[in-house]
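Add chains B and C to chain A, keeping to what the hints say.
Residue numbers (the numbering used here), protein chains in the order written: chain A, 676 to 1326; chain B, 725 to 859; chain C, 78 to 369.
If you are wondering where the hints come from, they were derived from the structure by calculation, not from laboratory data.
Misleading hints may appear alongside valid ones.
Stated by the list, open to error - FRET-style restraints, in silico, Cβ to Cβ:
#, chain 1, residue 1, chain 2, residue 2, range
1, A, Y1023, C, T90, 37 to 45 Å
2, B, R828, C, D205, 43 to 51 Å
3, C, T248, A, G1191, 44 to 52 Å
Stated by the list, open to error - Listed next, the stretches of chain A that the computed footprint assigns to chain B, with coverage defined by at least 3 CB atoms under 8 Å from CB atoms of chain B:
#, region
4, 974 to 986
5, 1132 to 1140
6, 1165 to 1179
Backbone N, C-alpha and C define an ideal beta-carbon position, used for all residues, glycine too.
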Amino acid sequence: MKKIGVFICHCGINIKDTVDVDRLTEELADYPGVAYIENYMFMCSDPGQNHIKDAIHERKLDGVVVAACSPTLHESTFQTVLKESGLNEYQMEIANIREQCSWVHTDIEQATHKAKLIIKTAIEKLKLNESLYPVSAPVTKKALVIGGGIAGIQAALDIADAGFQVIMVEKKPSIGGHMIQLSETFPTLDCSQCILTPKMVALSKHKNIKLYVNSEVESIDGYVGNFNVKIKQEALYVDPAKCNLCDDCTEVCPVLVPSEQDEGLSWRKAIYIPFPQAIPATYTLDVENCLGLEPIACGKCREKCIAEAINYDATDTIIEEEVGAVILATGFDLYPVENIPEYGYGKYPDVITSLQFERILSATGPTGGEIYRPSDGKVPKEIVFVQCSGSRDPEHHLSYCSKICCMYTLKHAKLYKHKVHNGQPYIFYIDIRAGGKRYEEFVQQAVSEEGILYIRGKVAKIYKEGDKMIVIGMDTLSNKKIEVKADLVVLAMGIVPSEGSHDLVKRLKINTDDKGFLSEAHPKLRPVESLQAGFYLAGTSQGPRDIPDSVSQASGAAAKALILLSSDKIYHSPIIASVDEDLCSGCAICVGTCPYGARELNEVSKVVEVNEILCEGCGACISACPSGAAQQKNLTDDQIDNMIKIIASGK
Amino acid sequence: MSLKITREKIKNFLVDKIEEISGQNVFDCYQCGICSSGCPVTDYMDYSPNQVIRLLQLGSVDEILNSKTIWICSTCLQCSTRCPKGIEVAKVMEALRTINLRQREGTLKPEDIKSKELKDLPPIALVSAFRKLTG
Amino acid sequence: MKSGYFPGCTLKTNAKHFEDSAMQVMEVLGHPLEEMENWICCGTVFSMTTDDLMLQLASIRNLLRAENQGYDELITLCSMCYNTLKRAKEFILNDEENLRKVNDFMYKEDSKFKGTTDVVHLLSILKDRITFEEIKNKVTKPLTDLKIGAYYGCLLVRPKELAIDDFEDPTIMEELVDTLGGEGVVFPYRLECCGAYQTIIEKDVTVKRTYEIINSARNAGCEALITSCPLCAFNLDQRQKETSEEFLEFSTMPVFYFTELMAIALGLKWNKDWKKLHYIDPVPLLKEKGLI
Chain A
676 MKKIGVFICH CGINIKDTVD VDRLTEELAD YPGVAYIENY MFMCSDPGQN HIKDAIHERK
736 LDGVVVAACS PTLHESTFQT VLKESGLNEY QMEIANIREQ CSWVHTDIEQ ATHKAKLIIK
796 TAIEKLKLNE SLYPVSAPVT KKALVIGGGI AGIQAALDIA DAGFQVIMVE KKPSIGGHMI
856 QLSETFPTLD CSQCILTPKM VALSKHKNIK LYVNSEVESI DGYVGNFNVK IKQEALYVDP
916 AKCNLCDDCT EVCPVLVPSE QDEGLSWRKA IYIPFPQAIP ATYTLDVENC LGLEPIACGK
976 CREKCIAEAI NYDATDTIIE EEVGAVILAT GFDLYPVENI PEYGYGKYPD VITSLQFERI
1036 LSATGPTGGE IYRPSDGKVP KEIVFVQCSG SRDPEHHLSY CSKICCMYTL KHAKLYKHKV
1096 HNGQPYIFYI DIRAGGKRYE EFVQQAVSEE GILYIRGKVA KIYKEGDKMI VIGMDTLSNK
1156 KIEVKADLVV LAMGIVPSEG SHDLVKRLKI NTDDKGFLSE AHPKLRPVES LQAGFYLAGT
1216 SQGPRDIPDS VSQASGAAAK ALILLSSDKI YHSPIIASVD EDLCSGCAIC VGTCPYGARE
1276 LNEVSKVVEV NEILCEGCGA CISACPSGAA QQKNLTDDQI DNMIKIIASG K
Chain B
725 MSLKITREKI KNFLVDKIEE ISGQNVFDCY QCGICSSGCP VTDYMDYSPN QVIRLLQLGS
785 VDEILNSKTI WICSTCLQCS TRCPKGIEVA KVMEALRTIN LRQREGTLKP EDIKSKELKD
845 LPPIALVSAF RKLTG
Chain C
78 MKSGYFPGCT LKTNAKHFED SAMQVMEVLG HPLEEMENWI CCGTVFSMTT DDLMLQLASI
138 RNLLRAENQG YDELITLCSM CYNTLKRAKE FILNDEENLR KVNDFMYKED SKFKGTTDVV
198 HLLSILKDRI TFEEIKNKVT KPLTDLKIGA YYGCLLVRPK ELAIDDFEDP TIMEELVDTL
258 GGEGVVFPYR LECCGAYQTI IEKDVTVKRT YEIINSARNA GCEALITSCP LCAFNLDQRQ
318 KETSEEFLEF STMPVFYFTE LMAIALGLKW NKDWKKLHYI DPVPLLKEKG LI
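So that you can see chain A by itself, here it is in the shape it has in the complex (with noise of 0.2 Å):
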């Protein structure tokens, strides 16, 4: 028989408070199998582990239970010390006598013998514990990117800069996301195109990106370190190759679309480059809006392309990539405008959103970066911006702040007052949030210095009198209503995860939030990292977040990828199914509940087997199993059962 032994913590106060540890070393000294027992205040302490080694060594242990806290935290620990121990870590079991026990309980009585209980079921289990070894497999040096705005930019450039291959996938025909929208950045007002296209160049440059616009990612299978990405790449029907960026097209182009780069302020033809600086360089013909790659009903700039890059027979095709990890930069979009009708957005055209005025404040923009209202081309006089127009509002829109809004609009005022000098901005704000660096000097700068009037109050609603924009708010400081007569009015619209985001998510299964925002592994310690293996996250995908935040988040996420990129295998738990090749009839049944592809009937010898580096360890071959074959290593029916009578024995 093992010899075991039984180390049981205090966590100061933690579980000795509740449990009674001497009482427990005392009545467990003489369980079968049991060769050392010993209660410590921090087992996890140096000291504590030095306990469990210098026993290993003078009682000339097989096994180790340590009685504490959740595996979870330092199950990674006790099994390190086993291995310095010249043991094999899987014969260290953690009784969890924390969590599962003093913390949820009060009674000693009561807790001392629940806890009695726990630690016997995890000295049964040892008992039958075999050896293992972790499992590995190579590494796919490669990573791919899922979105081209600054997130993904920033995250593709470190890992490519770092000497791996990077394949990038964008949903648009250019790269660039919303930041290529914008005019200038806050706090420090530089432009946002002059600080983002040096990176789009550096990108499309790089050796090792390739990069596919007007693609999405179909499916990701295969596993951490080794995965098989399927990416549809529409139809090029404009051959980046051969276009020479003329545009002779756009010209004879018939069709007027609301151009999505100005946010359905200007137009664009159905075939045309989304703005000068696009990354790839080339025009994009919009199948949706063509007037048919029928040549009979149209085919006027294939017959003016003299560089003949036109080709209307082009199709859809499906890349296949293998990759080992993958960075999520999925964006956001705003919080759609419409379903605010009381601030009117659609009904009247001076109410615009957060991100038209950016395009109307860009030089790129429709208006060449002067300011004029939709209306009427007039430059307002008084304009009101609108925070929190559907954030923080639980009951009827987002629940949550949407984070850069507060700045934003700041930024926006203050680019008004910049173009429109004896212009008057009022902002209607609930608190203004400026926690970061050089913001709140920002703000105070802009209210002492700039004639920027904040009104703290929510606004209520806005109406069209004249040609002026009412809104009617109010200002709890000084406890007035207040109507102001506008000549335009910016909501500071919410922002939401993109809208292409929650179909991927759900192809891919990664975990969200209950907002659509990807979830990351541990809010505070694992903030980059998805929950699925081989997945990080960047950029607002996560939550709402400024430029400098999604930068340094891209940053953390291409890091972590490069240690997986870096690592030449990779290590897989060995706690995974097996296969009683005497028991197996052969049925096949496990094969298909398993959900991650990992059993295969052998069709020479008529037994299933295991594709170990594919098995998650989710159990559901060993309870689908009819014969008894399939068992989960070191949690065999034969541990569980000798657990299961200890608890219902009661003693």
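Okay, now just chains B and C, sitting in the frame of chain A:
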């Protein structure tokens, strides 16, 4: 004059009572002020609706029970409909009126209505006013 | 489906023309209104307290009687009756203890209240049951060139749980006006309170409200308003007297019940008695548009 707040005053008996009668938690409020900006009669009130909620949070109930605000409120429910936190502010106003009315302290005495007016007023106006304003 | 009609107090007095016109219109549309028997005051205003069941009794007693008379639904014309009856029903049915207590109070009635009778506003019946398309087919005298502002007030759209349409952006009444051949004009103050019962203790407030609401309608191009609430109608129509006295530049505007205009559009004869119940005489406008 400064408002003295104490442990005993916050969440005092009357605040509890108002929360009970209205079924609302006044501590849900984060003072966005949309109740007041949407209210059609804020201009006629001595305390705006968001101030009423704030004073309840501070436990200063007497001040509100004696205010004009609670009688000016016409229960149009704009505040309740728009509150981002789902506080039905109109129900809080009703609870404040109710506490007065249960002590026979309403603002409308039927005998004060002039007989000429009485002839013109529709029953719907009279009955609703008696129900909301007469103790 | 057996439908009963619940009139409520003012429909028999100051808003007699509302009832008359609705009766005639529904006759023409093939859904004559059948008045329930033995009805009493609806309760007028819903009591929003959690603990005062006495104030719910009038509403519940009406609904219980309707149940006993075999009505599956009660149709109201008055927005306030609709609002009060429906909210009282939801409130009492939502809490078993309240239901038990209310039934104990009403021990003299023939049976216990179960809540099987629905409360529906006539506008919903017109839109969902009869359909605007059907009404359009029966229009013989379209309200051509008549720009009408639909004044919803509070009670058709709040609380949002019982709104007859989108509570921030309703269209049902404008659609009805369009159906009748007129032009339904959306104006900013159409969902704003008229001041309601403040008309008694704070007349000035309602006068100011009337001023703002009518002006808002006029600025949007309305020539007349329609409503479905007798209290709104009183404030917006009768209070134009004081409004004109206080604001010298104010110009008046006729206020109709929506059923009056329906009656005209469906080719029914304009009843001269209705004019007496209006403060602002609507006849000149109707004549100008060739409608009477």
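Item to check | Numbers of unmet hints, in rising order | outcome: 3, 4 and 6
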